[in-house]
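**Student:** Next come the chains, spelled out residue by residue.
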Amino acid sequence: MNPIIFYQVVAVLLLCLGLYALVVRRTLVGMLIGVELMLNGAGLSIVAAAQLTPMDAVLGQLGALLVMGLAAAEATLILSIVLVVSKRFGDVASDTPSELKG
Amino acid sequence: MNEMYLGQFAFAFYTLIVLAGGALAVSSSSLVRAMLGLVVSLFGVAGLYLLLLAEFVALMQILVYVGAVTVLIFFAIMLTRASSDGGESEEGGLAATLRGILVFLVPAGILVPFLAVYGVTGFPTPKNVSPDQLGAGLLGPYTLAFELISVVLLAAMAGAVLLAFEKRGAK
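Line by line, the protein sequences give chains A and B.
My numbering applies: residue 131 is where the first sequence begins, and numbers increase by one.
My numbering applies: residue 4 is where the second sequence begins, and numbers increase by one.
I should point out that these hints are in silico values taken from the structure, not numbers from a laboratory.
Since this is a predicted model, take the numbers as computed values, not measurements.
Treat the hints loosely; a few may be bogus.
Okay, the calculated bits of chain B under chain A, using three or more residues with CB under 8 Å as the criterion [what the hints assert, rightly or not]: (1) 20-26; (2) 115-126.
Counterexamples of contact, computed for chain A against chain B with all Cβ distances above 12 Å [unchecked claim]: (3) Lys217; (4) Ser228; (5) Glu229; (6) Leu230.
We treat Cβ as the ideally placed atom computed from N, Cα and C, and that holds for glycine.
Chain A with its partners taken away, still in its complex shape (with noise of 0.2 Å):
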């Protein structure tokens, strides 16, 4: 067997990980940590393919640091919206905001 094949494994595991937070948890910040797992997953198929095979290896690593630089953005906004959830609602269990105002 290649290598390539046991890091994209672990990267798909990872997505899974991921998959089963996102349903599981109850929390919005329980919520987003399996986000981050699930964005490791990517960078780490990224870099493998791009390590491994003949593609552009500069390219599959800069991708890498803009999923990084993705994650980071987007890490700052969730944390804003969760504040602002737990400010509104007093809770920041996925369901409670739920409610709609017309």
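Let chain A serve as the given structure and place chain B on it in line with the hints.
**Tutor:** Relative to chain A, chain B alone:
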């Protein structure tokens, strides 16, 4: 031959760290412990990056993820007083766990056999790219992406400030 076994051993070790940390991150009833599991998992992924000879990405992983993103998550836990036990203590019951296991197994059950059957044949050893080549790439063919990510980060920062800003005297 010995070095090859050493590489396999290191891969197995880092994979164990990644999966153990990930399992803690998704299953712990305390959010702070879940975050610690995430940190462990991130370190394991950094080790895998090192094994792939992507040492710059590994260092950035530790700097950005372990250094910054987990601090943000910790702030989110702290500021929302998500009650140090995380509000995760009351479980959604058996049904939620079953749904979670289903969501875990279905993509894994589809993607892993596909990988095993149709996976590409790669090199046995990774390529080596020095950080100055990465820098040249950022300032050469990938300048647009570099500039766009800074715009995205600025927009995220401004949006976060805008969302969390409280007018004086409001309420």
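**Student:** For which of the previously enumerated hints does the structure constitute a violation, in increasing order of number?
**Tutor:** Violated hint (a single one): 3; every other hint is consistent with the structure.
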